[in-house]
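Undergrad: The task is simple: from the sequences and hints, build the whole structure.
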Amino acid sequence: AQKITQTQPGMFVQEKEAVTLDCTYDTSDPSYGLFWYKQPSSGEMIFLIYQGSYDQQNATEGRYSLNFQKARKSANLVISASQLGDSAMYFCAMREWGGNYGQNFVFGPGTRLSVLP
Amino acid sequence: DAGVIQSPRHEVTEMGQEVTLRCKPISGHDYLFWYRQTMMRGLELLIYFNNNVPIDDSGMPEDRFSAKMPNASFSTLKIQPSEPRDSAVYFCASSLFVGTDTQYFGPGTRLTVL
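As given, the protein sequences belong to chains A and B, one line each in that order.
All you need for our numbering is the position in the first sequence, starting with 1, plus 88.
All you need for our numbering is the position in the second sequence, starting with 1, plus 4.
Please keep in mind that the hints were generated in silico from the structure rather than gathered at the bench.
Ideal Cβ placement from N, Cα and C applies to all residues, glycine included.
Accuracy of the hints is not assured; some may be wrong.
[What the hints assert, rightly or not] What follows is a list of derived Cβ distance ranges for each label pair:
#1 B/55 x A/108: 36 to 42 Å
#2 A/151 x B/55: 34 to 40 Å
#3 A/161 x B/46: 38 to 44 Å
#4 B/118 x A/200: 25 to 31 Å
#5 B/13 x A/202: 22 to 28 Å
#6 B/54 x A/116: 24 to 30 Å
[Claimed, not checked] Heads up, incomplete: computed chain B residues facing chain A, CB under 7 Å, no partners named:
#7 47
#8 49
#9 65
#10 106
#11 109
#12 111
#13 112
TA: Pasting the structure below:
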């Protein structure tokens with residue numbers, strides 16, 4: 089079973105508008121962390137934001153915020169005021185603290201975001 | 005500060021040849037990870053090291069793959085013999101600790117096996 093689901097293979101957003109990229113996860117571990125990475129066309133992976141399962145507040149980093157709904161097991165990334173440079177693949181990832189690290193750090197399939205001028 | 009450094013950035017080789025990918029993690033980071041990214045399988049963790057010691061190599065696809073970390077500033081991923089299905093982008097990443105686990109990725113090595 090997929091541990092990370094990103095249901096939007098591709099998204100379009102108008103420049104300066106906000107966009108939400110969906111991520112749902114599956115875990116029975118009470119302790120886990122959720123990550124979002126950006127991969128532009130140049131190929132590098134860029135860390136954006138982190139949310140711990142016990143964090144009381146939603147994480148924010150500049151224009152990025154994470155809409156964490158623990159009961160629904162969702163960790164959607166919100167990008168405010170989209171810029172052309174935000175066009176990229178976005179990956180949601182999860183790390184479960186219990187058990188074997190290698191088996192418990194997984195990435196979703198990604199969402200390709202295109203920002204339109 | 006220099007980020008994670010990988011070399012080469014691109015590698016084209018023929019089936020059966022040995023391929024060695026190199027990585028220099030961020031100074032002071034105790035954890036080093038090797039990933040492979042393909043269209044079909046996405047991003048997969050191959051192996052990771054803690055303080056130069058391999059901790060989990062369960063993601064290594066087969067015995068043709070091996071990884072070493074002789075010191076804190078250098079790691080290699082070797083494929084011998086290489087096969088066309090090994091064609092992928094290989095990323096190296098490092099992190100300071102396994103806490104919030106922010107991993108910083110290198111630029112990747114695009115491997116093409118003909």
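Undergrad: For every hint, state whether the structure bears it out.
TA: Structure-based check of all given hints:
no. : hint                      : verdict
1   : B/55 x A/108: 36 to 42 Å  : holds, 39 Å
2   : A/151 x B/55: 34 to 40 Å  : holds, 36 Å
3   : A/161 x B/46: 38 to 44 Å  : violated, 20 Å
4   : B/118 x A/200: 25 to 31 Å : holds, 28 Å
5   : B/13 x A/202: 22 to 28 Å  : holds, 26 Å
6   : B/54 x A/116: 24 to 30 Å  : holds, 25 Å
7   : 47                        : holds, 4 Å
8   : 49                        : holds, 6 Å
9   : 65                        : violated, 13 Å
10  : 106                       : holds, 5 Å
11  : 109                       : holds, 4 Å
12  : 111                       : holds, 5 Å
13  : 112                       : holds, 5 Å
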